[in-house]
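*Asks:* Sequence:
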Amino acid sequence: MQTNMIDKLVSFGYGILNSGMDPAKSHEENKSVQRLIIFIFFGILVNLISVLMNLLHGLYISILINLTSVILLSVCYFLNKDGKREFARGLGILTINLYLFAISYAEGLRAGEHLYYFPFLLALIFVIDIRKNYKELILTSTVTFFTAALVFIVAPYVSSVQTINPEQYSALFSSNLSLSLVITAGFTYYVLKTLEINEEKLLDETRFKDTVYDTSLDSVFIVDSRSMEITGCNKKAVEVFGLSDKEEITGMPVKQLLGGEMEEHIAVQGRQQFTKQSPWYGNMDFVRKDEAPFFAYVNIVPFSHREYSFCKISILDITEIKIAEFEILKAKEKAEKAVQIKSRFLSNMSHELRTPLNAIIGTTNIVLQEDYLPSQRKSFEILKYSSEHMMQLVNDILDFSKIEAGKMVLNRAPFNIKDFLQKIISPFAAPVSEKNLELRMHADDQTNLEIIGDEMRLIQVMNNLIANAIKFTEKGSVTVEVKPVAIRSEEAEIRFSVQDTGIGIAENKMRQIFESFMQADIETTRKFGGTGLGLAISKRLVEQMGGNLKAQSEVGSGSTFYFTLKFKVTTRRRSYVSEENLKGLSSLDGVKVLLAEDNPINMMVAKRFLEKWNIEIIEAENGLKAVELFYRHQPDLLLIDLEMPEMDGAQAVAEIRKTHPFIPIMAFTAATYDNIKEDLLSKGFNGYLPKPFKPEELHKKIEESVAQQRLHEHRKAS
1 MQTNMIDKLV
11 SFGYGILNSG
21 MDPAKSHEEN
31 KSVQRLIIFI
41 FFGILVNLIS
51 VLMNLLHGLY
61 ISILINLTSV
71 ILLSVCYFLN
81 KDGKREFARG
91 LGILTINLYL
101 FAISYAEGLR
111 AGEHLYYFPF
121 LLALIFVIDI
131 RKNYKELILT
141 STVTFFTAAL
151 VFIVAPYVSS
161 VQTINPEQYS
171 ALFSSNLSLS
181 LVITAGFTYY
191 VLKTLEINEE
201 KLLDETRFKD
211 TVYDTSLDSV
221 FIVDSRSMEI
231 TGCNKKAVEV
241 FGLSDKEEIT
251 GMPVKQLLGG
261 EMEEHIAVQG
271 RQQFTKQSPW
281 YGNMDFVRKD
291 EAPFFAYVNI
301 VPFSHREYSF
311 CKISILDITE
321 IKIAEFEILK
331 AKEKAEKAVQ
341 IKSRFLSNMS
351 HELRTPLNAI
361 IGTTNIVLQE
371 DYLPSQRKSF
381 EILKYSSEHM
391 MQLVNDILDF
401 SKIEAGKMVL
411 NRAPFNIKDF
421 LQKIISPFAA
431 PVSEKNLELR
441 MHADDQTNLE
451 IIGDEMRLIQ
461 VMNNLIANAI
471 KFTEKGSVTV
481 EVKPVAIRSE
491 EAEIRFSVQD
501 TGIGIAENKM
511 RQIFESFMQA
521 DIETTRKFGG
531 TGLGLAISKR
541 LVEQMGGNLK
551 AQSEVGSGST
561 FYFTLKFKVT
571 TRRRSYVSEE
581 NLKGLSSLDG
591 VKVLLAEDNP
601 INMMVAKRFL
611 EKWNIEIIEA
621 ENGLKAVELF
631 YRHQPDLLLI
641 DLEMPEMDGA
651 QAVAEIRKTH
661 PFIPIMAFTA
671 ATYDNIKEDL
681 LSKGFNGYLP
691 KPFKPEELHK
701 KIEESVAQQR
711 LHEHRKAS
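So that you can map any letter, position 460 of the sequence shown is 460 in the working numbering, and since no number is skipped, the others follow by simple counting.
Among the hints, erroneous ones may be present.
[To be verified] Pairwise CB distance ranges, derived in the manner of DEER restraints:
#1 PHE514 / LYS337: 25 to 31 Å
#2 LYS31 / GLU229: 37 to 43 Å
#3 ASN411 / PRO293: 53 to 59 Å
Because the hints were derived from the structure by calculation, they are not lab data.
Note that the Cβ used here is the ideal one computed from N, Cα and C, for glycine as well.
Using the sequences and the hints, build the whole thing.
*Replies:* This is the structure:
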């Protein structure tokens, strides 16, 4: 119980002592707040003790002065707690001065109340920060000394306000003297203890800085910017420059140890950049005491101390890094030279091997066309297959050497995707038939378009993938799929894939199969043969064309190799419309259609259909013209291409929908992409007609749209 009471009192005391302190403020500011609280409670404590003494002596006027002082000091405490520290401090100092004057006048100098000026002056040392508040110190000192002088001039020796007998004076003087001495001794101890703590903190901070300074990996020098002499350094500087101790460096001219270049940099810092405190960074060469050179990274930082200009120079020895960089450069040069030699060797060997191989293949073909013994046919076929296989290997090595050397240049020429598919499927009819496999082709109708790219290299990639699929498939099928991801008037994005039902590839081998001279495992190499260059070459070619060859596989279930490429669509665009199935389509006389199409051929052919159905046609070659003609002619229906100059289809529709939300507008486009219908509906179109279109579908959509529009107008009118 007693312990709990003591803990509560201690906690209460700490609460009072820490009141008014703000964690957001600095340590020094909070310390000033705490010192002011001590000063206030010193004044309150003295007054409360005086109240007790005055009660014993029956001095009620003195008690009134004491209580008034306590109230004013309490106000100071609450002002300080509310953050009004400056006002609280001024009021506290003024209260103590007025109290000492009033109590000395009321009791007389003989009572010894003026003796409290000694601890009061000590307390002021803590209340006022002498380093920062010179004006406040002068003002406070002036007020205090003026009040003290006034006390001795105005205050009587014995009181004329209250009756105090000689015995009481003797007791009061003794009490005030004793209390003053105790408080003075207490404050003196507090001053000395605080100075000791501050000194210890300074020493600890100095030790900390010295530890950081001397354990730095950099050689650190402090240089006087005016005298150009080294005034200090750390242990690393002594070690790096091969000297015996710091005293050997201190006082040495900068030029003697660090060279003339360093002296020039320091001079520039002093003359031009010192006011900006701008550091300098760079590489420099230095020489150790034993004349051994070394390379270093240097940092020069200017600073001021006690109105003197200095430079802190940090020097990091990077000799080993420089040597390592040099070795790396040498190794890189050797590696590049080795790659060049290897590429040149492979290229030369490939070309040299072609000559005899061409002769062998040619001679074998000639022999197979002439008369030979039936027993020789099998030998000639083996010779033909082996020589052609060898030629393929030589071609792979030559292509690989070109890719490695960065000499593979892609051709850019127009070609038709549909024709391209026939070229890659035809050569594999015989191999597929021999293995009793099924070769499937899945191609979208929209792949019948002309694009710009390297057809030969694309055929090489697809041939490689199909040949691999056939090689590693014993039963089942090989499926080649070409599917447009997105087709627009200027660009087509197409996905190519080859799927098989073969042996598959283990997941941990997937990355390995695309590396040069690598296959899934040794058993695969032994059973199926090959150099392991096919997929590596194909992947590099696809990457050069702007795609990424990927694979999905499951052991025993087969594999799928796929990639997506973007191609420019040739500007020589063909007509997307067909004139078939025109019979039986009724006249649409009286219908007015605005046709917005920037392709002259498409415009011409679409007009032929619309004219045959007796439709009045308003032509617009771009979106801007379409909007203008719409407001001028008020058509029943709009057929608008998506991609047009000046203003595209979506922008034109948005403009028209501002005033005509119900007019039927059809997108007339060759574009295709995921969720195209939902996208066009969200942009204000009522539907769309893909190119190439069927005439009967165009007729049907015009007929239905116009009928719905006229029904809407009829209901609106009625």
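*Asks:* Next, verify each hint and record whether it holds.
*Replies:* Each hint, compared with the structure:
The hint said 25 to 31 Å for the Cβ distance between PHE514 and LYS337, and at roughly 27 Å that hint holds. Between LYS31 and GLU229 the C-beta distance comes to about 39 Å, which sits within the given range of 37 to 43 Å. Checked against the hint of 53 to 59 Å, the pair ASN411 and PRO293 passes, with Cβ atoms roughly 55 Å apart.
Taken one by one, the earlier hints all hold for this structure without exception.
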